[in-house]
Amino acid sequence: MSFLYDLITRDKKRKPLPAKDRSNLPFAKLGFTFKEWHDSHVNTHKWRNRRWAFLIFINLLFVVSFALDLSVLEGSLSGSRLIGIYLMDPFNSSQELIIGSRTGYIAALTTNFWIGFFVIMTFYWLLGGRAFCSWVCPYHFFAEMGERARAYFIKKKKIRDKTYDITVKYIFWAGFLLLAFLTKELVFENLNPVGILSRSLIYGPGLALIWVVALLLYEVFGIKRFWCRYVCPIGVTYSFIGDISPIGVKFDLDKCGYCTDCQDVCLVPHELWFVKKGAATKEVHFTGGDCTKCGLCIDVCYGEALSFGFKAPSYILGGEVKEEKELHPLEIEDSSIKKDEK
Amino acid sequence: MAAKNVKISRRQFLKASATAVVSLAVVGSAAYYLKDKSEVEKTGVIRPPGSREEEEFLFACIKCGLCVQICPVHAIKLADWDHGLAYGTPYIDVNQQACDFSCDAIQCAETCPTAAINFQIFKGAGNTAIEKLTQKYNGKLPPNVNPFQVQIEAMKRADKMGIAKIPDPQQCLAYHGHGYKGKLGKTHSLLRPPGKTERIYIDEVEVNRKICDLCVAYCPIGEDAIRLKDLGDNKFLPEVLDACVGCGVCQMLCPTSPKAIVIEPLKELVNA
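Residue numbers (my numbering), protein chains in the order written: chain E, 160 to 501; chain W, 684 to 955.
No wet-lab data here; the hints were simulated from the structure.
Think of the CB as a built atom: it goes at the ideal place given N, C-alpha and C, for glycine as much as any other residue.
Mixed in with the good hints, there may be bad ones.
Stated by the list, open to error - Straight-line distance between alpha carbons at most 25 Å, and here's what the computed SDA-like set of lysine to any residue pairs gives: (1) E:Lys174 x W:Arg693; (2) W:Lys760 x E:Leu220; (3) W:Lys698 x E:Gly263.
Stated by the list, open to error - To give an idea of the interface, some chain E residues facing chain W are shown, with a C-beta separation under 10 Å as derived from the structure: (4) Ser224; (5) Ala339; (6) Glu344.
Stated by the list, open to error - If you want the ones that stay clear, here's a sample from chain E, every Cβ over 10 Å from chain W, calculated: (7) Lys194; (8) Ile242; (9) Ala267; (10) Thr269.
Kindly produce the complete structure, drawing on both the sequences and the hints.
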């Protein structure tokens with residue numbers, strides 16, 4: 160745990176790099192004003208469109224596999240089988256393992272269970288942990304729409320935003336595991352809007368949808384992204400593996416114009432802490448485990464400072480990265496020339 | 684200034700964690716309360732064949748629905764909120780669609796990743812049957828004996844979902860010496876009649892029986908599970924025997940209303 164904590168906080172703990180002065184901002188280097196630069200960028204929503212298409216495709220594949228009796232993607236998001244390979248929801252499995260270790264049931268679990276558990280863990284480790292949230296989770300899709308509705312009400316000044324401490328989700332994560340251990344029930348699965356929605360889509364709606372609708376309404380009118388940000392232990396499980404994932408959103412300080420528009424569209428803005436003027440501690444930053452790899456920030460960035468990138472193995476394992484290049488003498492000359500021209 | 688910030692964030696954190704702990708406690712006690720009051724625990728429900736004891740089943744089942752998908756006759760459904768903590772778990776509504784074992788391999792059990800529906804029971808029973816068979820013939824099976832058929836028969840009988848009961852003989856047509864003419868069933872349900880290879884829809888088949896014996900004639904297990912007892916005086920009554928596994932085909936086909944033959948979940952029998 161302390162290893163993970165050090166991993167998450169190590170970049171923040173460093174001394175920030177001095178903020179770039181105006182002449183060193185990417186648009187100034189190109190000889191534009193910020194407004195010209197800003198207006199020249201057309202947001203094609205490339206990643207958002209791809210993501211929504213993929214999310215709808217995956218969930219439809221579940222529905223179609225059952226409705227048409229195809230052996231493609233059977234089961235639901237709690238546990239499924241993709242062309243014969245089992246996939247298990249990691250938090251569901253964790254609860255199962257905790258109860259199993261108490262009752263001895265762990266010995267009864269099938270090989271398919273273990274395969275499913277490790278396949279899903281490896282898969283999401285490769286693809287950045289919480290990528291599940293924005294690319295697969297049907298609840299996330301509705302919550303994202305809810306977030307838009309909320310933005311509308313905030314604009315109309317009907318509601319106000321307030322943020323809470325996100326570390327509370329770790330308490331929920333541990334708490335739900337403890338509840339499973341104490342009650343010998345998959346307590347969380349009865350509240351899990353991901354499972355409820357997935358099952359409702361595939362096997363037909365039920366009364367449990369009331370809970371999902373209530374949650375969504377609370378996210379619109381109560382606390383912003385209440386469930387996803389502060390409670391959902393599935394997301395937390397994925398964020399643990401996301402912390403050590405080789406993939407992240409890469410931030411290139413050199414190309415950043417300090418507009419922070421990316422943080423405005425970000426679903427987990429605390430992951431983009433380094434985009435604020437004078438906040439970055441390194442030339443290159445990666446988003447951490449809470450980042451859902453949704454790509455909204457990449458779509459919005461004017462200077463292409465944000466992109467999907469691979470972390471160096473030494474960086475994943477907690478080592479420092481030797482990427483602190485000094486400004487090339489030629490670049491310094493360049494910027495001084497432009498200053499003179501103006 | 685920095686110290687003040689730390690203080691505020693710590694207070695915020697403590698506040699949030701307190702809320703979290705309280706809500707977890709509420710959820711936990713609700714779960715405990717519901718577990719106590721659970722309808723399923725009290726009245727029993729018919730689970731797929733090979734399901735574990737209810738207490739174990741409720742935590743073993745992760746509610747994925749793979750058993751629902753694999754069942755070729757769509758007998759298995761997932762429970763809704765009215766089942767309390769059993770929400771999302773599979774059950775069989777025998778009035779709508781009973782398990783007729785026409786998948787031939789207890790596939791719901793085989794597909795279950797957490798072994799909440801325990802395939803080991805069937806695997807063991809099937810293997811034992813084959814072993815016994817080969818021993819009987821000293822390893823040389825005559826061509827008219829199909830080992831797979833023997834295996835399937837043993838697997839079907841390996842576990843009980845419930846047991847058939849006739850609560851009131853007065854309801855039974857055969858008890859009054861009546862026959863039955865009409866559709867095999869009113870619901871659009873699937874059934875593979877014993878000895879046949881194709882499934883039929885029971886509302887598409889006409890039957891004509893001098894004495895109504897649908898429950899006996901269509902039992903997937905056979906005559907050691909149910910037989911028609913002659914009470915004399917043109918009176919008959921089905922008699923449920925030891926081999927009955929509670930699959931529910933008899934209840935699905937019973938033409939009377941209310942049904943003369945019903946499946947009692949084994950749960951209640953254990954408690955009684």
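| said: Name the hints, by number, that the structure is in violation of. | reply: Result: hints 3, 9, 10 break, sorted rising.
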